[in-house]
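Participant: Could you build the full structure based on these sequences and the hints that come with them?
Just so we're aligned: 539 in this note's numbering is position 435 of the sequence shown, and the numbers increase by one with no gaps anywhere.
For the record, the hints were derived by calculation from the structure and aren't laboratory data. Hints may contain errors.
[Said to hold, decoys possible] Derived EDC-like pairs (lysine to aspartate or glutamate); straight-line CA-CA distance at most 20 Å: (1) Lys335 x Asp577; (2) Lys373 x Glu357; (3) Lys120 x Glu222; (4) Lys740 x Glu672; (5) Lys124 x Asp238; (6) Lys693 x Asp358; (7) Lys120 x Asp161; (8) Lys149 x Asp727; (9) Lys696 x Glu714; (10) Lys698 x Glu672; (11) Lys524 x Glu468.
[As the list claims (entries may be wrong)] Computed spacing ranges between beta-carbons, pair by pair: (12) Gly475 x Glu586: 52 to 60 Å; (13) Gly683 x Pro175: 44 to 52 Å; (14) Glu380 x Glu261: 28 to 36 Å; (15) Lys373 x Lys405: 21 to 29 Å; (16) Lys313 x Glu375: 41 to 49 Å; (17) Glu678 x Thr256: 45 to 53 Å; (18) Glu708 x Gly479: 50 to 58 Å; (19) Asp156 x Asp572: 41 to 49 Å.
Positions of the beta carbon are idealized from the N, C-alpha and C atoms, including for glycine.
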Amino acid sequence: MPFGYNGKILRVDLSKGEIKVEEPDEHFYRTYGGGSSLGAYYLLKEMSPGVDPFSPDNIIVFAGSVVSGAPVPGFARSGIVFKSPLTGAIADTQAAGYFGPELKFAGFDAIIVKGKSEKPVYLWIQDGEVEIKDASHIWGKTTGEAQDTIRTELGDERIIVAGIGQAGENLVRYACVLNNLKHAWGRLGAGAVMGSKNLKAIAVRGHRKLEMKDRETVLSIARHFSSNFMKESPDNRGLHDLGTAQYVMGQNEDGQLPTRNFQTGYFEKAENISGERMRDTVLTKREGCYACSVRCKRVVKADSSYKVDPAYGGPEYETIGMLGSDCGVDDLVAVCKANELCNKYGLDTISTGASIAFAMEAYEKGIISKGDTGGIDLRFGNADAMVKMVEVIARREGIGDVLAEGVKRAAEKLGKGAEKFSLHVKGEELPAHDARVKGHLALMYALSPMGADHVQAEHDGAFTPGADSFFADRVEPLGILEPLELSSIDHKKVRRFFYFQNVFGMVDTLTLCLFAFAPCRYFTFKELVDLVRAITGWEMSLWELIKLGERKVAMFRAFNVREGFTKEDDWLPERMFEGILTGPRKGQKVDKDKLREAIDLYYEMVGWNEDGVPTKGRLAELDLFWVAEELERQAKYKK
105 MPFGYNGKIL
115 RVDLSKGEIK
125 VEEPDEHFYR
135 TYGGGSSLGA
145 YYLLKEMSPG
155 VDPFSPDNII
165 VFAGSVVSGA
175 PVPGFARSGI
185 VFKSPLTGAI
195 ADTQAAGYFG
205 PELKFAGFDA
215 IIVKGKSEKP
225 VYLWIQDGEV
235 EIKDASHIWG
245 KTTGEAQDTI
255 RTELGDERII
265 VAGIGQAGEN
275 LVRYACVLNN
285 LKHAWGRLGA
295 GAVMGSKNLK
305 AIAVRGHRKL
315 EMKDRETVLS
325 IARHFSSNFM
335 KESPDNRGLH
345 DLGTAQYVMG
355 QNEDGQLPTR
365 NFQTGYFEKA
375 ENISGERMRD
385 TVLTKREGCY
395 ACSVRCKRVV
405 KADSSYKVDP
415 AYGGPEYETI
425 GMLGSDCGVD
435 DLVAVCKANE
445 LCNKYGLDTI
455 STGASIAFAM
465 EAYEKGIISK
475 GDTGGIDLRF
485 GNADAMVKMV
495 EVIARREGIG
505 DVLAEGVKRA
515 AEKLGKGAEK
525 FSLHVKGEEL
535 PAHDARVKGH
545 LALMYALSPM
555 GADHVQAEHD
565 GAFTPGADSF
575 FADRVEPLGI
585 LEPLELSSID
595 HKKVRRFFYF
605 QNVFGMVDTL
615 TLCLFAFAPC
625 RYFTFKELVD
635 LVRAITGWEM
645 SLWELIKLGE
655 RKVAMFRAFN
665 VREGFTKEDD
675 WLPERMFEGI
685 LTGPRKGQKV
695 DKDKLREAID
705 LYYEMVGWNE
715 DGVPTKGRLA
725 ELDLFWVAEE
735 LERQAKYKK
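Facilitator: Written out as structure tokens, the structure reads:
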């Protein structure tokens with residue numbers, strides 16, 4: 105009998121209307137763990153190269169892990185893995201909330217969805233039973249309307265619904281999926297893939313008790329976290345009080361808050377959209393995810409310039425940065441309204457904000473006009489225009505139809521030099537962090553298999569000279585002993601990035617929350633090892649756990665290599681090589697030569713050849729020789 109997981113993976117073929125259950129062995133679960141790695145396994149094994157992301161042949165995998173759903177802070181997440189319609193590369197997007205634990209309690213560790221239904225449907229999963237149900241009556245509805253209807257017709261208000269809104273139905277390339285209306289699998293277009301399959305939602309209800317090898321040890325560690333995280337962790341203290349919006353003022357004061365499409369890193373009106381301002385004005389409640397005492401989620405309400413519905417939560421730092429400062433908008437209520445609309449329609453707030461900021465710069469440079477925008481005065485700082493653009497993107501109306509393709513395709517369509525300020529990597533828009541300031545970010549954005557992703561490794565700030573020793577102490581088990589300058593990109597920074605990337609790969613495979621675990625939060629690596637052992641009964645070491653992360657990184661790279669991505673795609677947008685225009689970091693930029701040297705060194709360090717292809721020896725060491733054989737069949741190794 106397995107501990108921590110069910111040993112059951114649900115398979116759904118929407119084209120055939122078939123439902124099957126497979127039961128992989130223990131070796132499979134211990135090797136791939138769940139989340140990112142489990143999803144990559146099925147995409148590499150079962151999807152042919154070159155599949156159109158909107159084709160029925162695209163596979164979308166919803167996965168928790170062997171430890172998700174344990175009653176411990178940070179164990180509430182789950183991942184969705186698929187081929188992205190935004191980038192054409194592999195995609196992994198993770199969300200917390202309640203869906204992952206509920207799926208586990210309903211008897212399944214993952215769901216693999218293939219095909220396309222002839223008509224709109226949703227999946228209903230309850231205690232091991234699965235049904236494909238008609239969703240024609242909720243197609244065209246917002247996420248909130250669809251959730252209410254599903255719960256009413258199934259007769260249970262505690263059903264957890266992971267669903268899409270009109271943006272996913274309209275195939276906006278960065279449409280997202282939400283559970284409980286406010287927990288988003290945000291990036292890279294999972295909502296659009298569901299929409300292409302006519303899959304409106306997955307509704308889950310489970311009553312199964314999670315079996316753990318040593319429940320008392322698990323509960324003891326969980327209680328210790330809840331009793332001490334506010335006292336011992338400055339970061340978690342801030343997360344509880346202000347949410348991720350606690351970072352707005354610090355980022356701005358250090359000159360790295362994206363402003364006016366990354367032209368600068370300093371927003372003169374940042375205080376108006378800060379976490380402190382949110383707390384003191386529109387915040388009504390702090391919420392958390394399953395079993396978590398941090399309660400970093402915001403619930404906001406407003407009845408002033410905009411009426412903001414608290415059912416859709418409140419904005420995170422990324423949302424404030426991209427829909428606020430990056431658009432030059434200092435109206436907090438407008439940002440909250442835009443966040444609500446993104447959650448209603450099912451839009452990634454990061455790519456949505458980036459697309460609007462790109463359009464604002466194009467408008468101010470005369471590349472588009474009021475005739476193109478439908479009369480919208482799309483200048484930086486126009487809060488009403490920003491909110492309106494969210495709606496036209498979700499509906500693919502007018503200029504919104506162009507922006508719904510993402511900034512890469514939008515710039516190609518607009519031309520006239522728009523590509524120069526189309527800020528993306530591999531087609532994914534930059535999030536609310538500036539690679540010109542942090543060395544790890546430059547490496548993350550360039551080397552992430554998914555594009556510009558800010559959670560591929562820990563950020564540099566916690567490990568610089570003079571930083572709080574609370575964080576530095578937690579990375580000593582990795583052999584990281586020396587603080588490094590914030591913006592440096594040298595061999596020492598590459599080594600640290602390599603280690604951190606593997607840790608983050610492990611975290612994504614185990615579907616854990618970064619706000620709970622090392623290298624930069626409360627739980628130590630030792631406590632993580634103790635928790636995994638107590639939950640699963642496996643005598644896993646930190647070394648074996650980090651191998652899960654290395655395996656994830658290698659499989660994601662192999663997928664992209666198979667799809668035709670090359671080392672030339674591992675690069676930054678041109679603006680990152682230009683100086684920041686104003687503020688404390690004025691003139692700062694990424695050095696092209698140093699970045700190129702760092703990337704080449706990284707290839708050697710991680711075990712890839714000079715073309716960025718994982719070597720056979722490296723894949724064999726990771727127990728992934730079958731991946732090397734796949735790359736050889738695709739002629740990805742030089743003779």
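Participant: Decide, hint by hint, whether the structure agrees.
Facilitator: Structure-based check of all given hints:
Restraint check: the Cα-Cα separation between lysine 335 and aspartate 577 comes to about 17 Å, which is no more than 20 Å; the hinted pair holds. At most 20 Å may separate the alpha-carbon atoms for a hinted pair to count; lysine 373 and glutamate 357 meet this at roughly 11 Å. Note on lysine 120 and glutamate 222: the hinted pairing holds, with a Cα-Cα distance of about 10 Å set against a maximum of 20 Å. Restraint check: the Cα-Cα separation between lysine 740 and glutamate 672 comes to about 15 Å, which is no more than 20 Å; the hinted pair holds.
About 19 Å separates the Cα atoms of lysine 124 and aspartate 238, which keeps this hinted pair within 20 Å; it holds. Note on lysine 693 and aspartate 358: the hinted pairing holds, with a Cα-Cα distance of about 14 Å set against a maximum of 20 Å. Among the hinted pairs, lysine 120 with aspartate 161 is consistent with the structure: their alpha-carbon atoms are about 13 Å apart, no more than 20 Å. Proposed proximity of lysine 149 and aspartate 727 is supported: the alpha carbons are some 15 Å apart, at most 20 Å.
Proximity of lysine 696 to glutamate 714 is assessed by CA-CA distance (about 18 Å); at most 20 Å being required, the pair is judged to hold. As the CA atoms of lysine 698 and glutamate 672 are separated by approximately 16 Å, the hinted pair is consistent with the 20 Å bound. For the hint linking lysine 524 to glutamate 468, the alpha-carbon distance of about 14 Å falls within 20 Å, and the restraint holds. Between glycine 475 and glutamate 586 the Cβ separation comes to about 57 Å, which falls inside the hinted range of 52 to 60 Å.
Remark: the range hint 44 to 52 Å for glycine 683 to proline 175 is upheld by a beta-carbon distance near 50 Å. The hint said 28 to 36 Å for the Cβ distance between glutamate 380 and glutamate 261, and at roughly 34 Å that hint holds. A hinted range of 21 to 29 Å for the beta carbons of lysine 373 and lysine 405 is consistent with their spacing of about 23 Å. The hinted range of 41 to 49 Å is satisfied by lysine 313 and glutamate 375, whose Cβ atoms lie roughly 48 Å apart.
For the hinted restraint 45 to 53 Å between glutamate 678 and threonine 256, the CB-CB distance of approximately 51 Å keeps it satisfied. At roughly 55 Å, the beta-carbon separation of glutamate 708 and glycine 479 lies within the given 50 to 58 Å, and the hint holds. The given range of 41 to 49 Å is respected by aspartate 156 and aspartate 572, whose C-beta atoms sit roughly 48 Å from each other.
Comparing the model with each earlier hint shows no violations; every hint is respected.
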